[in-house]
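Asker: Residues in the sequence shown are numbered consecutively from 394, following the numbering used here.
Warning: the hint list may mix true and false statements.
[Stated by the list, open to error] Pairwise CB distance ranges (calculated):
1. I435 with H399: 26 to 32 Å
2. F402 with Q423: 21 to 27 Å
3. H399 with T420: 35 to 41 Å
4. T436 with N412: 19 to 25 Å
5. A403 with A433: 18 to 24 Å
No wet-lab data here; the hints were simulated from the structure.
The beta-carbon is built from N, C-alpha and C at its ideal position, and this holds for glycine as well.
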Amino acid sequence: MSSKKHHFFAFLSRMKYINRWGLMRNTHPQNIQEHSLQVAVIT
Numbered sequence: 394m395s396s397k398k399h400h401f402f403a404f405l406s407r408m409k410y411i412n413r414w415g416l417m418r419n420t421h422p423q424n425i426q427e428h429s430l431q432v433a434v435i436t
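Given the sequences, and given the hints that come with them, work out the whole structure.
Answerer: Right, dumping it as structure tokens:
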């Protein structure tokens, strides 16, 4: 279980480097960290 926990936090720290590829054309590039924050605020 401890190993899975470390993988989760490692993924969270890399989120800002992973670009999000949406189905629609964007006016500016967005990473998954920004997208996840916007989704969390809306919900």
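Asker: Confirm or reject each hint.
Answerer: Structure-based check of all given hints:
1. I435 with H399: 26 to 32 Å: Between I435 and H399, where Cβ atoms are some 29 Å apart, the hint holds.
2. F402 with Q423: 21 to 27 Å: holds, 22 Å
3. H399 with T420: 35 to 41 Å: Given range 35 to 41 Å: holds, Cβ gap about 36 Å.
4. T436 with N412: 19 to 25 Å: About 23 Å separates the Cβ atoms of T436 and N412, which means 19 to 25 Å holds.
5. A403 with A433: 18 to 24 Å: 20 Å Cβ-Cβ, so the 18 to 24 Å window holds.
In summary, this structure violates none of the numbered hints.
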